[in-house]
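*Asks:* Working from the sequences, and respecting the hints, build out all of it.
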Amino acid sequence: MPSAQRLPRRLAGCGIAAIILQILAFTPATAAADRTLTDPVIIRIDNFTFAPQALTVAPGTRVTWVNGDDIPHTVVAQNKLFRSKTLDTDDRFTFTFQAPGEYAYFCSLHPHMTGTVVVKASTD
Amino acid sequence: MQHPDNPSARGTMSRRGVLECMTWAGTGLLWSLGGGVPSAMGLDRALAAEAPPAPFTFLQISDSHVGFNKPANPDALGTLREAVAQIRRLPDKPAFIIHTGDISHLSKDQEFDDADQILREIGLPLFFVPGEHDLLDDGQGRSYLDRYGKGTRGAGWYSFEQQGVHFIGLVNVVDLKAGGLGNLGADQLDWLERDVAGLASSMPIVVFAHIPLWTVYPEWGWGTQDGARVLGCLKRFGSVTVLNGHIHQIIQKVEGNVAFHTARSTAFPQPAPGTAPSPGPMKVPAGELRRVLGITSVRFVRGSEPLAIIDTPLAG
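Protein sequence lines, in the order shown, are assigned to chains A and B.
Positions 6 to 129 (the numbering used here) are the ones given, in order, by the first sequence.
Positions 37 to 352 (the numbering used here) are the ones given, in order, by the second sequence.
Just to be clear, a hint being listed does not mean it is correct.
Straight-line C-alpha distance at most 30 Å; calculated DSS-like pairs for lysine-lysine [unchecked claim]:
1. B:319 <-> A:90
2. B:144 <-> A:85
3. A:90 <-> A:125
4. A:85 <-> B:213
5. A:90 <-> B:213
6. A:90 <-> B:144
7. B:186 <-> B:129
8. B:106 <-> A:90
Which chain A residues face chain B? A few, computed with CB under 7 Å, are given here [said to hold, decoys possible]:
9. 52
10. 74
11. 75
12. 91
It is worth saying that the hints were derived from the structure and are not from the lab.
This structure is a prediction, so every number in the text was calculated from the model and none was measured.
Beta carbons are placed, not taken as given, at the ideal position from N, Cα and C, and that holds for glycine.
*Replies:* Set out below in structure tokens:
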């Protein structure tokens, strides 16, 4: 990250190198976004916000929410598929998503806090 | 109905009388009802009051969050104890106490027990409505209703009359909808309509609920999505006072015959709307908590006079 910020200060030729680096960096990022793997994923709860607010995972992925706030929160699926207990500071809730679909969830204490998990089978 | 802008005829002063509100934020509010218009005064001021006592007073405390032990206030039980000590020193006892919710932090039995033990020392009747922190048990509110729900309906709403004033306790922390605000629900609103149907419009109304019934700051969920229906039900009444908690700071508004007021917490302050990344507990430097919870006096005259707010810290 720091090197990317320094690149523009160098010679003009380096600008092209920077672009190439960005292209190279972008390719694996795209693959990760597809989430062909079912690596466990963390959703942080900080400042009354789920992050990432929208997440796409492959079927079978374990998703864990971690509450970093000084105030308790919950994670409740709008379709009632899952409902965490009250998560105090640093408490966690894990749910394994199997079926493809879009799962909207919210905090039942602070319902303005919302998020979505999209479960999508790999297209590979 | 008397127009609020008309000069009061003799003997009808109560409709647009002065609402004077002095609050010692860390403890509670002392409400006096004289001539049908509630007025509030901070406990420090009330303790030092030289004027003869009002004929009828009651007290509001809110957001004790017993069990909270985070940096914003590692001892929420201790500050509740201080609040109770202040109340007990009042020379003129209020008739009763209204607690506008978040008695506990996590709805644990021990938290409710501790709060009850301290609040009972006041020796006055207590009326509660739940905050969202009071409904976190596995039964999603069963524990609260077992303790405080006697004689209430639904999720814990009720009304009662004291000395010619109609008090209504509402619950707006149940069945909250994704993306929404506080919620009362059709059953409670239907009950409210029936509850006030037979009352004379001259009867003063005091409504209390945890989350503000008016929209303070929707980005932080500070409002009640069907709160407007409450105000619709109460439109015909000459004097309506709405007391809320939840946002741990004093915000007031007057709209026609309705005066809205939110109380501070006895546990920790929260930031003013939009002034922080989130509405979470506001940490103040060590030793300054009680300064933040200091005296706030707000005085306003219904109608044309602007708000006058005077903050006086308890310490420093």
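*Asks:* It remains to establish, for every hint, whether it holds in the given structure.
*Replies:* These are the hints, each one checked on the structure:
For the hint linking residue 319 of chain B to residue 90 of chain A, the alpha-carbon distance of about 26 Å falls within 30 Å, and the restraint holds. Note on residue 144 of chain B and residue 85 of chain A: the hinted pairing holds, with a Cα-Cα distance of about 24 Å set against a maximum of 30 Å. The suggested pairing of residue 90 of chain A with residue 125 of chain A holds, with an alpha-carbon distance near 27 Å, which does not exceed 30 Å. A C-alpha spacing of about 12 Å is found between residue 85 of chain A and residue 213 of chain B, which places the hinted pair at or below 30 Å, so the restraint holds.
Our distance criterion of 30 Å between C-alpha atoms is met by residue 90 of chain A and residue 213 of chain B, whose separation comes to about 17 Å. Between residue 90 of chain A and residue 144 of chain B the alpha-carbon distance is near 13 Å, which keeps this suggested pair within the 30 Å criterion. Restraint check for residue 186 of chain B and residue 129 of chain B: the C-alpha separation of about 25 Å stays at or below 30 Å, so the hint holds. For the proposed pair residue 106 of chain B and residue 90 of chain A, the alpha carbon gap of about 20 Å is at most 30 Å, so the pair holds.
At a threshold of 7 Å, the smallest CB-CB gap from residue 52 of chain A to chain B is about 4 Å, leaving the interface hint in force. Hint on residue 74 of chain A holds. Least Cβ distance to chain B is approximately 6 Å, under the 7 Å limit. Because the smallest distance between the Cβ of residue 75 of chain A and any Cβ of chain B comes to about 4 Å, under 7 Å, the interface hint for this residue holds. With its C-beta approaching chain B no nearer than about 4 Å, residue 91 of chain A sits inside the 7 Å limit, and its interface hint holds.
Comparing the model with each earlier hint shows no violations; every hint is respected.
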